[in-house]
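Here the protein sequences come in this chain order: A and B. Take UniProt numbering: the final residue in the first sequence is number 489, and no numbers are missing along the way. Take UniProt numbering: the final residue in the second sequence is number 96, and no numbers are missing along the way.
To be clear, the hints were calculated from the coordinates, so they are not data collected in a lab. None of these values were measured; they are calculated from a predicted model. C-beta atoms are modelled at their ideal positions from N, C-alpha and C, and glycine is treated no differently. Incorrect hints may have been included.
No more than 20 Å apart at the CA atoms, straight line, and that leaves these computed lysine to aspartate or glutamate pairs for EDC-like [unchecked claim]:
1. Lys3/B with Glu33/B
2. Lys82/B with Glu83/A
3. Lys6/B with Glu352/A
4. Lys288/A with Asp475/A
5. Lys301/A with Glu44/B
Residues from chain B that face chain A, not an exhaustive set, calculated with beta carbons under 8 Å [claimed, not checked]:
6. Ile10
7. Ala13
8. Ile26
9. Leu32
10. Ile35
11. Pro52
Reference listing, derived: stretches of chain A covered by chain B, where coverage requires no fewer than 3 residues with Cβ under 8 Å from a Cβ of chain B [stated by the list, open to error]:
12. 92-102
13. 289-297
14. 327-335
15. 348-359
16. 368-379
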Amino acid sequence: MKFYDKTAAELQEMIHSNEATISEITKQTIERINELDPKVDAFLAMNEEQAMADASEMDKAPMEQRGPLFGLPIGVKDNIMTEGLVTTASSRILEGFNPIYNATVVEKLRAAGMVIVGKLNMDEFAMGSSNENSYYKKTRNPWNLDYVPGGSSGGSTAAVAAGEVPFTLGSDTGGSIRQPAAFCGVVGMKPTYGRVSRFGLIAFASSLDQIGPVTRNVKDNALLLQAIAGHDEKDSTSADVEVPDFAAALTGDINGLRIGVPKEYFAEGVSESAKKAVYDALDVLKEKGATVEEISLPHSKYALATYYLLASSEASSNLSRFDGIRYGYRTNKASSLLDFYMNTRAEGFGDEVKRRIMLGTYALSSGYYDAYYKKAQKVRTLIKKDFDDAFENYDVIIAPTTPTPAFKIGEIIDDPLTMYANDILTIPVNLAGVPAISVPCGFEGDMPLGLQIIGNYFDEETVYRVADVFEKATDFHKITPQLWEGAAQ
Amino acid sequence: MAKMTKEEVIEVAHLARLAITDEEAIHFAEQLEAITNAMELLNELDTDNVEPTTHVLPMVNVLREDKAEAGLPRETVLKNVKEHEAGQVKVPTILE
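My request is simple: use the sequences and hints to build the entire structure.
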């Protein structure tokens, strides 16, 4: 019996009809990770013993008390705090850090009865688009092990793409769920800013960060967002709004749906195959009753610069807490307190993190504050207004998730600006704060491409409905990497 | 086009409490110059009458009830401290 290719509903049916137990599913998941992960390198820490203990406890729960995700395995990105399970944000400065409390989303996963099997690799502090910025390991793309999985949630998307685990959590500050989801051919959702509590998420850029679900299909994604969404007193930026039934929104009906297609997202630098995959997807949606019109989001080209100024500024402030005193890495080369701080941080942070801390420090320093930081905040207003205006006339905005499919490991790591351009089509969404999903929509050669569906504030329901209609009308989500079947069961 | 010098990078690194060698400063100066030059694109836009956005949701002053709650136990809080003694965080000697 194999479990790794099943949906949540199929797994529940097997459990409820006594074809499988939670312990068996957990055990097989761990075995598959142990077999495949030496190739993929998605996991940083395994929670094997605790997961098996949790599973055996859950097997005793009465069937009627179990929700749709009860007993199912999940992996968690390493910037989300898990009590008793090492959490490093893939940074040396948090090597061996053992959280003393859970992130709110982790409490919610436990309340839903999910079994946490381990922690997933990422770019250090979520800064990067390739997973090459992890201090610990480079995660590989399951579709071709010479290619990056994307980032920063590359461990979360690679683990799902390889069939190591059916559910993971990632975080998305400028595309960090959607870009790797596109590169790995899986479904990744960045919810509306404030939809999910950030309490216990190691902060990168607080006004942009959002935790979201990664899965192999849209329905499971909706179920997982259901489990983690909601207002949290511990996060004063979480929104006190009603959480709808996301799975119930998958009605299959998009008749009369108005789709806006921003011409700026098909500009120079976007590959022909990425464009064609999206145009083909639009044809599918038109056939289902949607109308498609070209629109303009005129400030799109300013989003990248705006993002790097704001995100780096916020990061330089957030990361000032890492000083080696109360937790984390400590230098042993210091003759003064200043030396202690400076050496701890120089030895503890990687180059990309240092680059962004310095850029942020520069943008916030006196004499440059108005020219850089404040200017970027003003342009953010204009970018947000582009979306506000578009959503007056359209229900969703559709575009490619990334300009190109995944690139080779090592190909652009020394060229920060080219690396940053990977996120050019995902960044505006974070600046505006609206929700967006990436779903598989084709291939360039062997590598997957993603379709990005962007919704209005707190309207994840429409985003999911459109994604589900597309998924049901196409077979892209059923195609799996070669390595998928390579593992014996 | 703004020029980023090695000295400026050393100054910024100091503000950010990052030790940096001369060689690293030269390397970062080149990269940060390219990045800040790319950011100059924003100057094309007239933003004189535009309000800055610090936060995308219309929320202000989220307050909770002013009620004292117990913090975490000291033993728990000290769990990740590299060195501690008598419930205190131990740091290297910094005064002669």
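Hint-by-hint comparison with the structure:
no.	hint	verdict
1	Lys3/B with Glu33/B	holds, 6 Å
2	Lys82/B with Glu83/A	holds, 18 Å
3	Lys6/B with Glu352/A	holds, 18 Å
4	Lys288/A with Asp475/A	holds, 16 Å
5	Lys301/A with Glu44/B	holds, 11 Å
6	Ile10	violated, 10 Å
7	Ala13	holds, 6 Å
8	Ile26	violated, 13 Å
9	Leu32	holds, 6 Å
10	Ile35	holds, 6 Å
11	Pro52	holds, 3 Å
12	92-102	holds (count 4)
13	289-297	violated (count 0)
14	327-335	holds (count 4)
15	348-359	holds (count 6)
16	368-379	holds (count 7)
When held up to the earlier numbered hints, the structure conflicts with 6, 8, 13 and fits the remainder.
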